[in-house]
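*Asks:* Chain B: place on chain A using the hints.
Chains as they are written, first to last, in the working numbering: chain A, -13 to 576; chain B, -13 to 576.
Quick caveat, the hints were computed from the structure, so don't treat them as lab data. Mixed in with the good hints there might be a few duds.
Since copy identity is lost for identical chains, a pair holds within one copy or between any two.
Simulated crosslink set (SDA-like; lysine to any residue; CA at most 25 Å straight-line) [as the list claims (entries may be wrong)]:
id: 1; residue 1: Lys102; residue 2: Gln478
id: 2; residue 1: Lys102; residue 2: Pro136
id: 3; residue 1: Lys121; residue 2: Asn167
id: 4; residue 1: Lys102; residue 2: Gly443
id: 5; residue 1: Lys296; residue 2: Cys84
id: 6; residue 1: Lys296; residue 2: Trp313
id: 7; residue 1: Lys102; residue 2: Leu467
id: 8; residue 1: Lys238; residue 2: Gly443
id: 9; residue 1: Lys310; residue 2: Arg325
id: 10; residue 1: Lys102; residue 2: Lys158
id: 11; residue 1: Lys102; residue 2: Thr482
id: 12; residue 1: Lys102; residue 2: Ala382
id: 13; residue 1: Lys102; residue 2: Asp471
id: 14; residue 1: Lys310; residue 2: Gln293
id: 15; residue 1: Lys187; residue 2: Ser437
id: 16; residue 1: Lys102; residue 2: Ala472
id: 17; residue 1: Lys296; residue 2: Met328
id: 18; residue 1: Lys102; residue 2: Glu484
id: 19; residue 1: Lys102; residue 2: Gln446
id: 20; residue 1: Lys296; residue 2: Ser437
id: 21; residue 1: Lys238; residue 2: Asn567
id: 22; residue 1: Lys121; residue 2: Gln293
id: 23; residue 1: Lys158; residue 2: Ile(-11)
id: 24; residue 1: Lys296; residue 2: Thr438
Protein chains: 2
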Amino acid sequence: MSITLDQLNAASASDAAQLLDGLYEHSPWIATQALAMRPFRSLAHLKHCMVQVLANAGREAQVVLIRAHPELAGKAMASNTLTAESTNEQNKAGLTQCSPAELRRIGELNEAYSDKFGFPFVLAVRGTRGTGLTKAQIFATFERRLLDHPRFELHECLRNVHRIVELRLNDKFGIQPALGNDVWDWHDRLAAYTDPGYAEKGQLTVTYLTDAHRACAAMLSGQMRECGFDSIHIDAVGNVVGRYEATTGSAKALLTGSHYDTVRNAGKYDGRLGIYVPMACVRELSRTGRRLPIAIEVIGFAEEEGQRFKATLLGSGALIGDFKSEWLEQRDANGISMREAMQHAGLRPEDIPSVRRNPGDYLGFVEVHIEQGPVLNELALPLGIVTSITGSMRYAVEVIGTACHAGTTPMNRRSDAAAAVAEVILVAEARATRDGNSVATVGQLLVPNGSTNVVPGRCQFTLDLRAPTDNQRDAMVTDVLAALDAICARRQVAYTLEQTMCASAAPSAPAWQARWERAVDSLGLPLHHMPSGAGHDAMKLHEVMQQAMLFVRGQNSGISHNPLESTTSDDIQLAIEAFSNLLTQLAGEG
Amino acid sequence: MSITLDQLNAASASDAAQLLDGLYEHSPWIATQALAMRPFRSLAHLKHCMVQVLANAGREAQVVLIRAHPELAGKAMASNTLTAESTNEQNKAGLTQCSPAELRRIGELNEAYSDKFGFPFVLAVRGTRGTGLTKAQIFATFERRLLDHPRFELHECLRNVHRIVELRLNDKFGIQPALGNDVWDWHDRLAAYTDPGYAEKGQLTVTYLTDAHRACAAMLSGQMRECGFDSIHIDAVGNVVGRYEATTGSAKALLTGSHYDTVRNAGKYDGRLGIYVPMACVRELSRTGRRLPIAIEVIGFAEEEGQRFKATLLGSGALIGDFKSEWLEQRDANGISMREAMQHAGLRPEDIPSVRRNPGDYLGFVEVHIEQGPVLNELALPLGIVTSITGSMRYAVEVIGTACHAGTTPMNRRSDAAAAVAEVILVAEARATRDGNSVATVGQLLVPNGSTNVVPGRCQFTLDLRAPTDNQRDAMVTDVLAALDAICARRQVAYTLEQTMCASAAPSAPAWQARWERAVDSLGLPLHHMPSGAGHDAMKLHEVMQQAMLFVRGQNSGISHNPLESTTSDDIQLAIEAFSNLLTQLAGEG
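This is chain A alone, in the form it adopts within the complex (with noise of 0.2 Å):
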């Protein structure tokens, strides 16, 4: 007997509180709070107005609902203090079935944990398909979360209760994520493909134009043609390109997708994320027979890493005229070049110009991508609307002091490359924090062939500093190269300094950024605004038409280039939903 949301909106307070019963672990408060802000819009945003109650409750109620929470496996599962749910969950992970010696480190984990942190490991055992982790799963887990800063730790378990409560939500409502669960199960499937050497290590790697990324690009071909698209191909430099055309031949298109390559070692839903989702909505219209009065082009780029070769967002670039000649001689590390790849691949180099598109003949160009960042994670946010793509600048900076004894020189007679570092590396932190949405890192640092008792003659170091428009970052680096040269006057050191990167902003246009807006609120959900820190396909389209990417909320403090990468399909459903609100704009605005 599953509830609905109109039961719930309409119910009596105690009615209500009855229908959300169980959900926390011993605190029924958290829910029966929750309802006070009916009536709810969606499931989604039911769970919105629960996670603020509680990260409005303050650390002490927190801590009681984790303490709340059993012990993984722990001496509770025996006794009657457990929730039906908590045993529940607890079995489908396999936890009530462990070896002696799988019970016998259970409980050293339990025990180092809760000595560090004060209260139980929560861990959400459903995982983020809601189908269950393994045991290893598990395990690495608990291993991982062991180290964390007990104050990050705090809030990684309130994030799994929530996950947990999630689930139980669903199951109460009768709901599954059901395109969210597919997609999903899309990226595990196509993760299936790596490089070589990478299989063995269970590492994902798709790098330009390898059997692996060529039997990528192959699946996704399949896909497209299982979803219904009207027409498929892979074009001269490996994009695949799938069309669902409109109701009338001359309608213009609405441009999307993202990247199929991977970084080294890399998680399953960075760049793939953005052409699954756009390719799901279409299966839904072929699937119902629906045409709308614009096409729809998704692509799957076929390089935005720079992993193989140096030419990064080639397969974009190649959209926007931007692909350059001399990049087919470069060469990999095995010494083969681009252009041989391409052959070797059965693409046809001279065929490239053709890539290129007529902007006219596009509404615009959207990409959803997993963020990459912890900002949606850590605010209990599934999707968030981006901004621009912020604007960056690099450089590497080598100060250079003198090299002294550290016992016989006094500190005022010192020239200490590595203490005029710091002050930079504070006053670019500094700098960056001061605008809010600016960003500043120094990511290489070296006093090289430095000694315990000598003072640091040189130190190198990298700076990264972005912002969501150039005007922004301009300022920023202006104050803080000010500050390195002002620093290194008043130490007496000198300074050597190479701009390494230089990338403009792409704000994303107001008109398209409104329709993820309208997209996100039809949800449910609060409008989370965003720059993105990393760069994206849609840098590349923007030079030629309007763009506005959606972020989807990536777990793990929201780690990307790396395994740990990973998002419910609960945010990829309402990803789905968010893309298909967004199609009905245009269709209706047409």
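*Replies:* Okay, now just chain B, sitting in the frame of chain A:
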């Protein structure tokens, strides 16, 4: 016709000015003003007064003085603006006989230097021995100093001006630092022995019990014999021990000396100066057939630097019974054990216990050492009174934050390990500075596997904290480690801390320090008190008897453990005179 100090002190102001004419290039005002400080107690006193006049004259007058010097082999050479002295000095260096290529190179250097600093390059071309630098040395110095910071280089020019004047003054007074010159030459001769692989590179490296090391011991023995020591022997660890007996056999001995091993690519004076200065004093006693009521025991310690094996201060350690038998099993980079090396050198490890001295046989220990720091060089003082060998504490630290995407992680969501370390560096620097005579150094600094676009998840560094007393050191350590802890807590990063060294301070015995003070004062030189930030053999003897050290100014900012380490024969002469005075004091006390 030489001047005497009495003449100068007795002369009228104008006569005295006339006597000192031509010292500072086109700048008689410096000597004239210094004359107001008459009577001069010594030539060293007069030099110091002139240094003070120029130091107080301000930057403008200093630059005018520097500009009054001709460019090296420059156009002025051909004109009549050169003083006779300048022409003479440049002639001696062979700079008036340059090849066209050399002249072109000098022209380029002069131009680059003048462009950078705005004044001509001033170099005392007669060098630290007064006999002239080679053209190659002059070119190398020019090229090296071209890289200096302008503020530093101004003072380096002034130091060279004073050195030029010192030599001119010696000429005027018909004085040669004869003992200093001999000892300077001894260092030069001893430096001919160097370990295999270093001679080819022109580098000085003498590590424990190599052929070069044993040759040094043999040379020291021979030199001691020539100096008139009564007995000389090489003991069971390789120390070269010379004794000059007292008038009576039962008298106690003054123990003195330093080490003759070196670091790799070392300077010539580190350690050796402390052997040769007392040897020169004994030679003077022996030459004139004098004996004192105290014996003098001079030791060339075989090992202090810990280069070949990990045992440091081995030579002086053996004297206090602090030779650890397990050291014998340590192996060098070629797998040769210390025991094997000793046997190969004809040393008998079983005799090591007999090296131990009975402290009751000795008055105390003194050690002369090149400063190995910039202080005396900057203050233009030839000698310094050591108040303490500082106590030190070293740590290896790793800060563990969270590596994350430099573009997608907002500033307020970072746990940046490097930014935390930057704060620690500045706290340590400020804390040591506050003490005045403490030092704190972060000498090693690294973000392991850092990337430009990744927020540092880890940052490793070393901390080296030193102070003249253990209490002062411990208070600083406490503050810096508390700051590390607080910074990491605030930034939500973790850290690991490993203490890698803890050495106690060795304060000078007041009575012995007072003897050095009287000795330095007797030369008409001001007293400058300073801690020794570096460790020395005196630290070991400190454990069983009173000790105090005397520092001798090093050129080139006091650089040490480097081929640029150097000192003038004039400064060595003063050190010998101070040591002689100390002997006279002890004789008088007896």
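*Asks:* State whether the alpha carbon distance between Lys102 and Asp471 is at most 25 Å within one copy, between copies, both, or neither.
*Replies:* Answer is between; shortest inter-copy Cα gap is 17 Å, intra-copy 44 Å.
*Asks:* Using 25 Å as the alpha carbon limit, work out where Lys102 and Lys158 are close: within a copy, between copies, both or neither.
*Replies:* neither (35 Å within a copy, 78 Å between copies)
*Asks:* Could you figure out if Lys102 and Leu467 sit no more than 25 Å apart (CA to CA) within one copy, between two copies, both or neither?
*Replies:* between (42 Å within a copy, 22 Å between copies)
*Asks:* State whether the alpha carbon distance between Lys102 and Gln446 is at most 25 Å within one copy, between copies, both, or neither.
*Replies:* Cα proximity of Lys102 and Gln446: across copies only (24 Å, versus 36 Å in one copy).
*Asks:* Quick one: Lys296 to Trp313, C-alpha cut-off 25 Å, is that within a copy, between copies, both, or neither?
*Replies:* within (8 Å within a copy, 54 Å between copies)
*Asks:* Is the C-alpha distance from Lys187 to Ser437 at most 25 Å within one copy, between copies, in both cases, or in neither?
*Replies:* between (37 Å within a copy, 23 Å between copies)
*Asks:* If the cutoff is 25 Å on CA atoms, where do Lys238 and Gly443 land: within, between, both or neither? Let me know, please.
*Replies:* Classified as neither: same-chain Cα gap 61 Å, cross-chain 47 Å, threshold 25 Å.
*Asks:* Could you figure out if Lys296 and Thr438 sit no more than 25 Å apart (CA to CA) within one copy, between two copies, both or neither?
*Replies:* Between copies, since 16 Å is at most 25 Å while 38 Å is not.
*Asks:* Is it within a copy, between copies, both, or neither that the alpha carbon of Lys158 lies no farther than 25 Å from that of Ile(-11)?
*Replies:* within (6 Å within a copy, 110 Å between copies)
*Asks:* Have a look at Lys102 and Gln478 and pick one of within, between, both or neither, based on CA distance no larger than 25 Å.
*Replies:* between (46 Å within a copy, 14 Å between copies)
*Asks:* At most 25 Å between CA atoms: does that hold for Lys296 and Cys84 within a copy, between copies, both, or neither?
*Replies:* Intra 48 Å, inter 51 Å, cutoff 25 Å: neither.
*Asks:* Please work out whether the CA atoms of Lys102 and Gly443 approach to 25 Å or closer within one copy, between two copies, in both situations, or in neither?
*Replies:* between (40 Å within a copy, 20 Å between copies)
Of the hints listed earlier, those the structure fails to meet are numbers 5, 8, 10, 22, in rising order.
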